[in-house]
Amino acid sequence: MKLFAAISLAFAAEAVNAAALQPRHYTFPSTGGAAWSSVRQTVNYQSNAGLSDVSSDQIRCYTTSGTKAPQIQSVAAGGSVTFTASPNIFHPGPLQFYLAKVPSGQTAATWDGSGNVWFKIYAEKATVSGGQLSWGSLNKGSVSVTIPKNTPSGDYLLRIEHIALHQANNVNGAQFYISCAQITVTGGGNGSPSPLVAFPGAYKNSDPGIKVNIYSGATSYTPPGPAVWSG
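Numbering-wise, the sequence shown is residues -18 to -1, 1 to 213 according to mature numbering (1 follows the signal peptide of the UniProt record, and there is no 0).
No lab work stands behind these hints, which were simulated from the structure alone.
Be aware that a few hints might be false.
The calculated DSS-like cross-link candidates involving lysine-lysine, where the alpha carbons are at most 27 Å apart (straight line), are [to be verified]:
1) K83 <-> K107
2) K131 <-> K83
3) K50 <-> K83
4) K193 <-> K122
5) K193 <-> K107
6) K186 <-> K83
Pair ranges (Cβ atoms, derived) [what the hints assert, rightly or not]:
7) A58 <-> T204: 26 to 34 Å
8) K122 <-> A91: 23 to 31 Å
9) A209 <-> S135: 19 to 27 Å
10) T204 <-> K122: 18 to 26 Å
11) P85 <-> V110: 39 to 47 Å
12) V153 <-> T64: 27 to 35 Å
13) S47 <-> S198: 36 to 44 Å
14) S176 <-> T49: 22 to 30 Å
15) S111 <-> A16: 35 to 43 Å
16) Q88 <-> S111: 40 to 48 Å
Heads up, the beta-carbon is just placed ideally off N, CA and C, and yes, glycines get one too.
Let's have the full structure, built from the sequences with the hints guiding it.
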């Protein structure tokens, strides 16, 4: 009986610990509508766990091959898209957004986003104080990005990326929380977005914006990836 009670208590403690850890991880399941309606359902939709391997194909949209969302959201060039975090962003680190234009003959609901097609439209700046780094996105329940006015009209994948850096002083310690929304940009301009990068390929696990100690000795911070295209 005592052994049974001890085992029961151990299982109960494990369940409590799992429940306590769950809110520390998060997803970005929607852009205003129902969850996973215009955002492709990510691998971590149940666990909420982050991705650490930047060489994985999942670094693109954190999906398995063939995953698509049922809807495409319309947004005007110069307008904004708001992602809901579920639950709130729990870890410190930068928020970044990328766009990739869907090639002719495909739609945002059919294309996989492969190749050197991604350009960055936003990178969150860090605050440096006392050798430590912090970011304003911490604890946010929703985050928004503006689609540059000169973005050409058409279908795109919009990639949100939050890089949790609380354990990033170790190789592969950074955690990536990613989603891709399917959008069509209307009223666009004649811009030529650049630089263009591929996922995987844009990042290395040794990049100084990925392997970094945010708690001691920091004097500046540059997030990984290309420069922002302002449009």
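Supplied distance hint 18 to 26 Å, evaluated on CB atoms of T204 and K122 | At roughly 22 Å between Cβ atoms, K122 and T204 fall inside 18 to 26 Å, so the hint holds.
Regarding A58 and T204, is the given constraint of 26 to 34 Å on their beta-carbon distance met?
-> 31 Å, holds
Check the following: the C-beta atoms of K122 and A91 are separated by a distance inside 23 to 31 Å.
-> For K122 and A91 the Cβ distance comes to about 28 Å; the hint holds.
Does K193 pair with K122 here, judged by a C-alpha cut-off of 27 Å?
-> 24 Å, holds
Holds or violated: are the alpha carbons of K193 and K107 at most 27 Å from each other?
-> OK: K193 and K107 at ~17 Å, within 27 Å.
Take a look at whether the Cβ-Cβ distance between S176 and T49 falls inside 22 to 30 Å.
-> 28 Å, holds
Given the range 40 to 48 Å, decide if the beta-carbon distance of Q88 to S111 lies inside it.
-> 46 Å, holds
Is the hinted pair K186 and K83 satisfied, with a Cα-Cα distance of at most 27 Å?
-> 24 Å, holds
Given the hint of 27 to 35 Å, check if V153 and T64 actually sit that far apart at their C-beta atoms.
-> 34 Å, holds
Within a Cα-Cα threshold of 27 Å, do K50 and K83 meet the stated pairing?
-> 16 Å, holds
Does the structure keep K131 and K83 at a Cα separation of 27 Å or less?
-> 15 Å, holds
Pairwise beta carbon distance, P85 to V110, judged against the given window 39 to 47 Å = 40 Å, holds
Of the numbered hints stated above, none is contradicted by the structure.
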